[in-house]
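Student: Take a look at the letters that make up each chain.
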Amino acid sequence: MSTTINGPSSSKQSEESPYGPVGKVLNELDDRLGIAKGGRGLVDKIFPDHWSFMLGEIALYSFVVLIATGIFLTLYYVPSQALVTYHGAYTPLRGQQVSQAYATSIDLSFGVRAGLLMRQMHHWACDIFIGAMVIHMARVFFTGAFRKPRELNYTIGITMLILGILNGFLGYSLPDDLVSGTGIRIAFSILESIPVVGTYLAYLLFGGPFPGTAILPRFYIIHVLLIPLILIGMVTAHLFLLVRQKHTQFPGKGRTEHNVVGAPMVPIFAAKATGFFFMVAGAIALLGGLAQINPIWQFGYYRASNISYAVQPDWYMGFLDGALRIWPSWEWTGFGHTIPLEVFIPALIVPGIVFTLCALWPTIEAKYTKDTAVHNLLDRPRDRPKRTAAGAAIFAFVFMLFVASSTDVLANFSHISLNVVLWAMRVLVIVVPLITFPIVYKICVELQGVPGAGKRKRANIVSRSETGEYLAIPAEQRPGDGHHELDAETVPSYIDFQDEEPQDPGTRRVSR
Amino acid sequence: MSDDDLGSFSTASPDDPHMQPLARHPERAEQLIALTMVIGIVLVVLFGVAYWYNWKPWTFGVTLGGGILFLGFGITAWGKYLMPKGPFVEERHDLRGTDEERDLFGAAVTQRGAGILGRRKVLAGTAGLGLLAFGVVSIFPLLRSLGPLPALTPTRTGWKRGTYLVDSTGRAIHVDDLAVGGIVTVYPMGLQDTDQGQATDQTVLIRLTDTNYTTRPGRETWGPAGYIAYSKLCTHLGCPVGLYEQQLEQLVCPCHQSMFDVTNGAEPDFGPAPRPLPQLPLYVDGRGFVRAQNGFDQPVGPGYWERS
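Order-wise, the sequence lines are chains A and B. Under the working numbering, the first residue of the first sequence carries the number 1, and numbering increases by one thereafter. Under the working numbering, the first residue of the second sequence carries the number 1, and numbering increases by one thereafter.
Don't read these hints as lab results, they were simulated from the structure. Some clues are possibly wrong.
Straight line, CA to CA, 27 Å or less: simulated DSS-like cross-link-like pairs of lysine-lysine [stated by the list, open to error]:
| hint | chain 1 | residue 1 | chain 2 | residue 2 |
| --- | --- | --- | --- | --- |
| 1 | A | Lys148 | A | Lys45 |
| 2 | B | Lys85 | A | Lys37 |
| 3 | B | Lys56 | A | Lys45 |
| 4 | A | Lys442 | A | Lys370 |
| 5 | A | Lys148 | A | Lys386 |
| 6 | A | Lys45 | B | Lys85 |
| 7 | A | Lys370 | A | Lys148 |
| 8 | A | Lys246 | A | Lys37 |
| 9 | A | Lys45 | A | Lys24 |
| 10 | B | Lys85 | A | Lys253 |
| 11 | B | Lys56 | A | Lys455 |
| 12 | A | Lys45 | A | Lys246 |
| 13 | A | Lys37 | A | Lys24 |
| 14 | A | Lys246 | B | Lys85 |
| 15 | A | Lys246 | A | Lys370 |
| 16 | B | Lys80 | A | Lys246 |
| 17 | A | Lys367 | A | Lys148 |
| 18 | A | Lys253 | B | Lys80 |
| 19 | A | Lys253 | A | Lys45 |
| 20 | B | Lys85 | A | Lys455 |
Among chain A residues calculated to face chain B with C-beta under 7 Å, some are [as the list claims (entries may be wrong)]:
| hint | residue |
| --- | --- |
| 21 | Gly111 |
| 22 | Ala114 |
| 23 | Leu117 |
| 24 | Thr182 |
| 25 | Glu192 |
| 26 | Gly198 |
| 27 | Ala281 |
| 28 | Leu286 |
| 29 | Ser305 |
| 30 | Ile307 |
| 31 | Glu342 |
| 32 | Arg426 |
| 33 | Glu489 |
Since the model is a prediction, treat every value here as computed from it, not as a measurement. Even for Gly, the Cβ is constructed at its ideal location relative to N, Cα and C.
Same shape as in the complex, but just chain A (with noise of 0.2 Å):
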């Protein structure tokens, strides 16, 4: 090129363009914002392909089919505890005493043009975000992509992730209906279980003692503004690093630690990731049309001394309740002091503990593996052994957890005595945990030692020669079952699109 230096009196703002108007007007704003060194670079970043990239997608896009159906359901919902004669739609309650928040909640199901379907897209939204999150993180913890230079961007996921927890269990409280009621009752008493400011902390949330008249509304705006706007913050930051520091790849053909293969942002990342956002909310608009979640006309208004049988939260919060039920009943007296082990621990001390190991984690493999290079191609889980056998330890510690919330639900279904049931669980929870782990790091073990596990074996065909002598010969591999990836390109900056050959004068093309 020339060595030409052009000063800044030489741009050419007022030329044509040769790219017509589009040209022109990306000119304009590069006269203005500089956007055509980074713009380019934008639209030429590669993200590389596959499958498990999308579990994060999944994530972000119901977050955003969230913020749509919540500013719906916030244009017809009232966070008052106020008691109001209920006149609407949903004629076996007319005519009771029920609270506002549960009269609108009711109204916008029953009396708002499809406000039914956006409540139970929000729920389900809801449900479906915080569950790829976290099979998103699982994804980010076994391949290793949480190792240095994304120690932050992992520890900021784990922060969405307790957000979005957080924030579920305050929606799902804002109805007031009887379930939800009983959970809040739950809160404030975990609250309260804290040594020496636990009341103070209960007190001033709920602005006084249970109930008071202050939760709702303290809930409604921390669930619609607060925290959605942390998340908001966090989200982006979260984009910005994956843009900063690149996406990982998993090792292949010409996959190095310095270089992205895959797709160039605009235009096939763009229709691909667009194509699957609309996916997602579609999934989620069926689900909300035709899938029942939680009918809180069924439930009904809460009062709190009403209670009614097999009460559960959403499943996010199902580990904790499970270990609120087998935590034994250990509470703490002496000195004129009272300290609620068996509310402390099981609810605060082990999600703590658990978030807490989540959150070093990258920080205690570090040192255990005295590694602190940069690392940008991902581990295969079996590569890994005991790193994937602490994870699935972990998970398999949570997850007992979780299924130990529905206790009183296994015994009346087994027809098994509650007290076995209990038993059971406590046991498990601490059991499976320890088996998985010798399980799963066999199990890398082997698989490291079968190079082609999971793929098709070829065929032996099996010959006989005309000396009586057998020979086994393996067949030609079966179309598709071979990788025939092609040595990858930069993204060319032109395509020569010919224009399509003239067709003949008077010859049609006619479809079959």
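Guided by the hints, dock chain B onto chain A, whose structure is given.
Tutor: Same frame as chain A, but now just chain B:
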């Protein structure tokens, strides 16, 4: 500017294998994708119709969900099967700066901080102190206006000497109201519709027999005519202990399955509850109404730090 800054100016011909679609029969794929998109469009339009005419809720879900799902399939398939299959590559550049850059940055941050700020120690100190004071004071609204500070007995109930027991409709309980084995939730008269009555004072009244019943030594007068009353707040997490297993004479908390032995002072037999439910001493007055001898002898509900 050099080539490196802008990436390559390579030109690809459409014949380049990287530019080929993944689909083996692109025309057929295009028709299929177009059909998918058309189905999506039809369903989205149908959603508009359903919404306008306010059809059944499930039609909203099917048309909206199906519509965007089909559009999503179409767009994704277009990107995956008909756009250039690549693969393309991009270099990663080290995030780490050069040694010189790191040196200059470190010097600027630390020396400017120490040199310029540290020179005026008084100002740095007062500024820091000011921020600290502001930080401390900004906690005050949380403590002073979010809610009342808990009194030392945050679970004082509305039960007093002589309080009538009423059901949720406000009707006073008479000694002839319950058959043996019967149970009813009661509140202090006048408080049955208040938050305190509902959330803190709620009590279960059970008739175990038709003669005086003693649940444990020292409570000989508490159960007149077989009526005994326990706080309905579970000592585990404060759920209403709403299930009564009549055969076993046990109260069961539906939340976490704590079981309380009604015949033995509501001692917990099973589950995570640490303490018995407090018992309310009762008497039957001259007209036959069941009334409280006194309040509960201990705080009701779950444990907390200030509870002795």
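Student: Now tell me, hint by hint, if it's right for this structure.
Tutor: Do the hints match the structure? See the list:
no. : hint                  : result
1   : Lys148(A) x Lys45(A)  : holds, 21 Å
2   : Lys85(B) x Lys37(A)   : holds, 25 Å
3   : Lys56(B) x Lys45(A)   : violated, 45 Å
4   : Lys442(A) x Lys370(A) : holds, 24 Å
5   : Lys148(A) x Lys386(A) : holds, 19 Å
6   : Lys45(A) x Lys85(B)   : holds, 15 Å
7   : Lys370(A) x Lys148(A) : holds, 12 Å
8   : Lys246(A) x Lys37(A)  : holds, 17 Å
9   : Lys45(A) x Lys24(A)   : holds, 23 Å
10  : Lys85(B) x Lys253(A)  : holds, 15 Å
11  : Lys56(B) x Lys455(A)  : violated, 48 Å
12  : Lys45(A) x Lys246(A)  : holds, 9 Å
13  : Lys37(A) x Lys24(A)   : holds, 16 Å
14  : Lys246(A) x Lys85(B)  : holds, 20 Å
15  : Lys246(A) x Lys370(A) : holds, 24 Å
16  : Lys80(B) x Lys246(A)  : holds, 21 Å
17  : Lys367(A) x Lys148(A) : holds, 12 Å
18  : Lys253(A) x Lys80(B)  : holds, 20 Å
19  : Lys253(A) x Lys45(A)  : holds, 19 Å
20  : Lys85(B) x Lys455(A)  : holds, 23 Å
21  : Gly111                : violated, 11 Å
22  : Ala114                : holds, 5 Å
23  : Leu117                : holds, 5 Å
24  : Thr182                : holds, 6 Å
25  : Glu192                : holds, 4 Å
26  : Gly198                : holds, 6 Å
27  : Ala281                : holds, 5 Å
28  : Leu286                : holds, 3 Å
29  : Ser305                : holds, 4 Å
30  : Ile307                : holds, 4 Å
31  : Glu342                : holds, 5 Å
32  : Arg426                : violated, 11 Å
33  : Glu489                : holds, 5 Å
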